[in-house]
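A.B. asks: Chains as they are written, first to last, in our numbering: chain A, 78 to 749; chain B, -15 to 353.
Source of the hints: derived by calculation from the structure; they are not laboratory data. C-beta atoms are modelled at their ideal positions from N, C-alpha and C, and glycine is treated no differently. Among these hints, one or two may not hold up.
Short derived list, chain A residues pointing at chain B, Cβ under 10 Å [to be verified]:
id : residue
1  : 135
2  : 281
3  : 284
4  : 425
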Amino acid sequence: MELLATAGPALSDALVLIFQPQQLAFLVLGVLLGLSVGVFPGLGGIAGLSLVLPFIFGMDPVSGLALMVGLIAVVPTSDTFASVLLGIPGSTASQATVLDGFPLSKKGEAARALSAAFISSLFGGILGAIVLTAFILIARPLILAFEIPAMLAVTLLGLSMVAILAGRIPLKGIVAAGLGLMLGTVGEAGAGGSLRMASYDIPYLLDGFSLVIVGLGIFAIPEIVALLRQDRAISESGDLGKGWLHGIRDWWANKWLSVRCSAIGVLVGVIPGLGGSVVDWIAYGFTVQSSKDKSQFGKGDIRGVVGPESSNNAKEGGGLVPTLIFGIPGSGSMAVFLGGIALLGYDPGPHMVRHNLDITYTIVWSLALANVVGAGLCILLSNQIAKLTTIRFTLVAPFLFMIIAFAAFQSRQSLGDLVALMGIGMLGILLRRFEFSRPAFLIGFVLSHQAEAFANQVYQIAGARLRSSGMEGMLDYIASPLVLSILALTAVSIFIGIKQGKHVLGNDQPPTGAKRAPVIFLAALTVYVAVALWDAFTIRYTGDKVFPLTVGTITLIGALLLLLQMRRAPETHALFADNEQGGEDGSAPYGLWATLGWFAFLLGLSALFGFIIALAIFLLTFLRIRARIGWVQTLILTGAGIALMLILAGTLGRDFPAGLLQEFFDLPWPFT
Amino acid sequence: MTISTTRRIAGAVAMLAASTAMTSTAFAEAHGGVSFEGETIEYVIPFSESGGSARWANFFAPLLSEALPGNPTVVVRYRPGAGSTSGANWFQEQTTDDGTLIFGTSGSTQFPYLLGDPRVRYEYNDWQVVLVSGTGGVAYLPDELAGLMDGLDATGLQDTDFIWGSQGATRLDLVANLAWEMLGMNVEPVFGIEGRGDGRLMFERGEANIDYQTSSAYLRSVMPMVEAGMAVPMMTWGALDDEGNIVRDPTFPDIPTFAEVCEATPACETEGPAWDAWVAFFTAGFPAQKMIFLPGSTDQAIVDAYTDALNEIIARPDFAEMAETTLGDYPQMTGAAAQAAFRLGTQVDDSAREFVINWLEESYGVTLD
Chain A
78 MELLATAGPA LSDALVLIFQ PQQLAFLVLG VLLGLSVGVF PGLGGIAGLS
128 LVLPFIFGMD PVSGLALMVG LIAVVPTSDT FASVLLGIPG STASQATVLD
178 GFPLSKKGEA ARALSAAFIS SLFGGILGAI VLTAFILIAR PLILAFEIPA
228 MLAVTLLGLS MVAILAGRIP LKGIVAAGLG LMLGTVGEAG AGGSLRMASY
278 DIPYLLDGFS LVIVGLGIFA IPEIVALLRQ DRAISESGDL GKGWLHGIRD
328 WWANKWLSVR CSAIGVLVGV IPGLGGSVVD WIAYGFTVQS SKDKSQFGKG
378 DIRGVVGPES SNNAKEGGGL VPTLIFGIPG SGSMAVFLGG IALLGYDPGP
428 HMVRHNLDIT YTIVWSLALA NVVGAGLCIL LSNQIAKLTT IRFTLVAPFL
478 FMIIAFAAFQ SRQSLGDLVA LMGIGMLGIL LRRFEFSRPA FLIGFVLSHQ
528 AEAFANQVYQ IAGARLRSSG MEGMLDYIAS PLVLSILALT AVSIFIGIKQ
578 GKHVLGNDQP PTGAKRAPVI FLAALTVYVA VALWDAFTIR YTGDKVFPLT
628 VGTITLIGAL LLLLQMRRAP ETHALFADNE QGGEDGSAPY GLWATLGWFA
678 FLLGLSALFG FIIALAIFLL TFLRIRARIG WVQTLILTGA GIALMLILAG
728 TLGRDFPAGL LQEFFDLPWP FT
Chain B
-15 MTISTTRRIA GAVAMLAAST AMTSTAFAEA HGGVSFEGET IEYVIPFSES
35 GGSARWANFF APLLSEALPG NPTVVVRYRP GAGSTSGANW FQEQTTDDGT
85 LIFGTSGSTQ FPYLLGDPRV RYEYNDWQVV LVSGTGGVAY LPDELAGLMD
135 GLDATGLQDT DFIWGSQGAT RLDLVANLAW EMLGMNVEPV FGIEGRGDGR
185 LMFERGEANI DYQTSSAYLR SVMPMVEAGM AVPMMTWGAL DDEGNIVRDP
235 TFPDIPTFAE VCEATPACET EGPAWDAWVA FFTAGFPAQK MIFLPGSTDQ
285 AIVDAYTDAL NEIIARPDFA EMAETTLGDY PQMTGAAAQA AFRLGTQVDD
335 SAREFVINWL EESYGVTLD
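Throw the hints in and build the complete structure from the sequences for me.
C.D. replies: Dropping the structure here:
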């Protein structure tokens, strides 16, 4: 009752503050900026916020908040365009959306998928705000109940999603996930700083690979290359079948799924330290597990879009809770947001929730309003933008190569980013070709760092508890009711996954050819894991070696078992799945490596001449030789592409990758 | 997509241009002929967007924009990686010396440099310092353990198993680890947390039973716990007076310093190699924690323009109020004072270095090769 007495007036104050013309104008401005930045893969809330931060100082607080919140709120909405239309995970929030969204686009149902995604986002965002309004007053003790063992358990729950996404052959899924986990350990270890599969002579490797690059390499590059080989539009039929209204009806038919996934989003978002990257996978896994007919997942099931999209906007709301009441940012963009709030003269933390409740509610409800405006705009645009899927893909692809190269470069601003993108892209292509589950790989990679950190921390703290308060004290810590219930959920998730996962994301009868190619690929993976295992073995600091040793051993056993099975199985067995031997890829008019070669060409040129000059040469050559269009069109498109890059980088103040040429000559921007 | 996106981006550009015009004041003053009118100054920090350095940089960026001649746009850029060494290595190679590139470092950049970390390819003495921001740190305990201290004597804490969340043995946290060890306390660091905020959460959740925070974070987030009776301050690291002596921290005049506690605790000595090493690394890590640099080849007129602008910022009547939550009540040093602090922050003598390197290896098995 007392809570209501405080919350009520603050809430109405907040609503009055938000619904002023000036505030609304700033909110809409923020939404527009957020949408513009968010459509580019690899650029998210951080890039957008950094754009407005120089102007925040001195603004009136509510306007400044409206601008920033509007921007943050819609990034997980607009990145859906890239995920659904192009198969490019726009940001970590929409990786799972790719799995079913992109197949829907290929079926010619892009508009339907987009509008279903946006209405789900909108709903998730609003549900998140409603929950927050009540929750923010009482959340503190609940959040503090999430000790590290509980966070480790949630991480394991995330990893358990591998079971349902493993594909036709579970062992292959395990190897893929293990490989992802191992790739996640590359670089300087978080605890002791030991080097793993890295060297001080290659500074790029010290920080490991960034999620953006791995996401682009594993999902985007294989899909773009596969499509480019076909030389037709993304939509197989060449036109748009079901329109946006259909998508809204789809969402309504799955409204309870949307409610449940939004709840997952809020809950996981609320826990500081977990980060948002697991949310969409947990939501996707949950969607699949709770559906009766699983046969269409991974091939274009609308529920696979509704689930993760409902969760990712709700997560942004959830992420505000720790940001506001503890002053601890749940993500990179929240950290910048915190900085922005400080510039406005407020100081997030317990004080702010207690003494500036109206401001706190302004933030929460600006978020909801921004979701409505942003998702509403996107729904209106979705039919138009979906037409992209009916354009001949050969004309789209060079620009996608351009955008993902630029996006990847944002992670470390070094040429190494492009090399890493190329290398991981090749791995992604091979994983796709031989039907190793790419989602499993990505889940492993995403969770690797936190799985290791939490496991080490729990081990250390539990040890200290054992010494200070005996066995009982330790069990109280690691086996609290909360931990046990999450672990039980994990067990159920694995059980369902193993029982029913075989037909999700897998081909019942994949094309197979000779044994040779699949065996060579698996053998190469096995060798890598063995080398990484040996490398971990030589580390001196125990805390840095246990995790890669454990994961590496499991992965190695899995890979060896697979090799053993391969010896015995006939070459028509699904073990030897090889998409080059049949199906769409096998009959493609263009070769795999020649197509990838175009991308390599762009990267090679960049290494020589820097990105902008390389881009000009690449676009001209590609459009003339590969797309075979006339000179006039070629020049117009090349000019448009370069102009887009210049405006984007100019506005955001980003540099382009420099090449050998720049080593010798000092060139002005944009050639630097 | 291309066309509609271009249009939206063009809108963003228009917005930017309009806002720039709004924030710029009409005329540029003459500062030795230096004017940054219409220019964009990149303020690069070798850290990510989260964390204290980002807050610090974003605090100064808009103020610099107002105070520098010609009112340039000042944008903060982030180049995180390898514990801030990759960003510093990058800055070392930059040749932009027209004042449009400045670089902000922190204790995390200084410590690897001082310890001879193999990743370090930068040389502080090649750069020109224009601002030094100091800070302090406060160690605190849960209420029930604080009672074990006998006044300033920490001997009562020696039988307790302490545990705390630490960012890494070679980071700023080594000042805390070494101090507690000198007091004879048995403190086990849980390495690998992402930031000091996570360490504080561990304390709040009862997983850690000792912690320290830098001053601004202490004021913001630990004070409420102290008021609620959940935490009790144990000691500050102290501050340096003009002669280089350790004195009480001006932000926390009521909390004793480590020097006082060490003095009162029989196990701890305020002389000898351990003490000298602690003082050396404390000095490098706290009173000269964050600095702004220009490349070494920058013209003196530009350096002076920066110094003037920073002096102007510090002299603002509302500076203390604005700085309170972000920077705390510490000297912001420019000119000669900045030079002196810079020398303190980037030099330790060989014996202190040797001591710390040996201690890191013995206590934590951490080596720097």
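A.B. asks: All the hints need checking, so say for each whether the structure fits it.
C.D. replies: Do the hints match the structure? See the list:
no.	hint	result
1	135	holds, 7 Å
2	281	holds, 9 Å
3	284	holds, 5 Å
4	425	holds, 9 Å
Figure legend: structure checked against the earlier numbered hints; every hint is met.
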